[in-house]
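S.K.: Sequence:
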Amino acid sequence: MRRDTPPPATDRLAQDLIRLLHEGAPAEALSRHLAALEALPETHADKSLLVESVHMAMAVRNRLELHERREQGLLAVIESAQDLGSRLDLGDLLGAIVARARKLLGSDLAWLTVHDADKGEFRVLIVEGALALGTGLMVAHSDQGVVSVVMSSRLPFTTPDYLHDTRFAHDPRLDDTFREEGIAALVGVPLIWAGEVIGLLFVADRYHRTHTAQSVSILCTLATHGAVALKNARDFERASAALAHADAARAELERHVRRVQAAADAHEQMTSLLAKGASLATLCQSIAGCLEAGVRVLDEAGRPVSEAPAPGDADASLPACEPHGEQGSAIARALRASRHSGRSVEVPAPSPCRVMAVIGGEDVLGALVLFHRAPLDDLALRTFERSASVVGVVLLSQERQEAAKNRGVAALLRALIAPRQDDAAVLSDRAAPHGVALTAPLSLMLVAIDTPGAGYVARRLRATGLPTGVLMDDVDGQLLMLCNTTRAREMRQALAQAMRGERGSLHRGVVSRPAAGAAELPALYATLRRGLGVLGRIGVQGHVVDQNELALYATLFETHDQSSLAQFLEATIGALLAHDRRRQSELAATLLCYFDHHQNAKTTAQRLDIHVNTVRQRLATIEDLLGHWGQASRVLEIHVALRLWHLGRPVDPDPLTAPRSPSPSA
1 MRRDTPPPAT DRLAQDLIRL LHEGAPAEAL SRHLAALEAL PETHADKSLL
51 VESVHMAMAV RNRLELHERR EQGLLAVIES AQDLGSRLDL GDLLGAIVAR
101 ARKLLGSDLA WLTVHDADKG EFRVLIVEGA LALGTGLMVA HSDQGVVSVV
151 MSSRLPFTTP DYLHDTRFAH DPRLDDTFRE EGIAALVGVP LIWAGEVIGL
201 LFVADRYHRT HTAQSVSILC TLATHGAVAL KNARDFERAS AALAHADAAR
251 AELERHVRRV QAAADAHEQM TSLLAKGASL ATLCQSIAGC LEAGVRVLDE
301 AGRPVSEAPA PGDADASLPA CEPHGEQGSA IARALRASRH SGRSVEVPAP
351 SPCRVMAVIG GEDVLGALVL FHRAPLDDLA LRTFERSASV VGVVLLSQER
401 QEAAKNRGVA ALLRALIAPR QDDAAVLSDR AAPHGVALTA PLSLMLVAID
451 TPGAGYVARR LRATGLPTGV LMDDVDGQLL MLCNTTRARE MRQALAQAMR
501 GERGSLHRGV VSRPAAGAAE LPALYATLRR GLGVLGRIGV QGHVVDQNEL
551 ALYATLFETH DQSSLAQFLE ATIGALLAHD RRRQSELAAT LLCYFDHHQN
601 AKTTAQRLDI HVNTVRQRLA TIEDLLGHWG QASRVLEIHV ALRLWHLGRP
651 VDPDPLTAPR SPSPSA
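Read in full-length UniProt numbering, the sequence shown has 283 at position 283, and its numbers run on one by one without any break.
Treat the hints as calculated values from the structure; they're not laboratory data. There could be a bad hint or two in this list.
Derived DSSO-like pairs (lysine-lysine); straight-line CA-CA distance at most 27 Å [what the hints assert, rightly or not]:
#, residue 1, residue 2
1, Lys119, Lys276
2, Lys231, Lys103
3, Lys231, Lys119
Can you build the whole structure from these sequences, using the hints too?
M.R.: Here it is, written out as structure tokens:
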């Protein structure tokens, strides 16, 4: 049997090389064949041919590997381009680009940075393959590191040994991070859009490495895709922001339209209630419902006249508001500011609220107070301020109704004090239904009320209930009251009770002596008016005096004979005044202050800012000059004379010598 002859060595080598190329064997396998052949002796007939065959196989393998890398790069670029159209999330898209760059170049790690133009720096947005925590937190300035080279050239930059490269200025912080991460080789390519570098794509290795131009080219393509993704994301962000702004503007417009409609509805509702003659309480409830806040109406003295809680707080009471308490004082200040500005004023404490003056003509009728929890927008504020006008109309209407109800009393009082009275029988018939008998003794009381005003006190007295048989009205800014003398005590008590509730009130009044009939009332009224002027000049406040008690003052102050007044002063305190002129002393002022302070030497000393012994020495000197004043009538004469002297002297710039308190004897 014939045995087959073995194939020659060249054929066997060719078969092995083809098999290795087919299997995609690594270059090391071919290198082993080459080493074995080169070890053959030079006398071997086929050595050169065999070595050349291996070299050719290695060249084929390199070309195949190059084509494979090009194919992989092309596939990576295609996949990245597909991601641009399919992925909407910027983080996912940039993460895919960074991952492909790292995989394509077979590098240890890769990252992508974005440019912050305001700060002039690049910060890491995506990182893959990092081992150190600081790698993902890197921030590179535009004038340092690889960033400075890429920013100036707009071209890729590679370095096989970053830490020892001297072609750029190093950033110590970045160098520390690279050492911690173990980075040696680095390649960076710019993300360029419209000629501006908007980011950088980096790949790095932990060993010295030189990248091929083809790898860098593919990396540049991926960087371009990253730039497109960033630009699209920014455009989308701006479009989303514009859309959100448009939505917000539309929503705000809708809210504004609803608020305008609500304000119009509120105005229509209040106007309708006003046309129907709704009560003040009903109007307060309407305002509280429209503004969703508690509402209170105050009169001109700061006293509540009506209120309504916020919707849903029917059982909750509004904060207390005493006219002279802390809250009332704060509201009073806000009310003055509101009247001056014509707008509502916020009261921050102690109970936050908003105050709007209620104006009727030239007068302040009161205030509208809103206790709100949430801030008021412009429309709610306007609604509240318009509500004050509606409340003013209601208050004016109430005043007119009250005036109409009491028009008969007002006309009767004016007829009784008129110089030319109507027929006595007619007046008696008109007074009889009010419980006043004009044929019986009559008492007339005239009261000047500086604060809070005669009209307000008249309304308060009518609201609380006047005693039976008392006629009352505001006549020329003063409170006039008339009754039969048997009821004069009740009339004075009613006034005292009304004024007792008004802290800080300033009033003074005179009650006439009994008049025999209606015919005496005009002259009596004129006398009382003069008496009120006397009380004002001598500083009386908070008292209603009898006409008889005022006789001495009237005698002095109503005369037009200046010589009589001078004679009275000379006879009463002439020696004292002469001593002061001669010695330049202050004995008269000291005695007046002593009388005004209840003849208390210690209080007088404090008022005059002198020692109490000085006061006693002055009083002893005064007693030597004027004589003993132990009798009450003597004290009264001296006191009146001192007040008359004080009224006639120039205004003293020193407040210590200007007594302010009224005389108790007055």
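S.K.: All the hints need checking, so say for each whether the structure fits it.
M.R.: Now the hints, each set against the structure:
no. : hint               : in the structure
1   : Lys119 with Lys276 : violated, 68 Å
2   : Lys231 with Lys103 : holds, 24 Å
3   : Lys231 with Lys119 : holds, 19 Å
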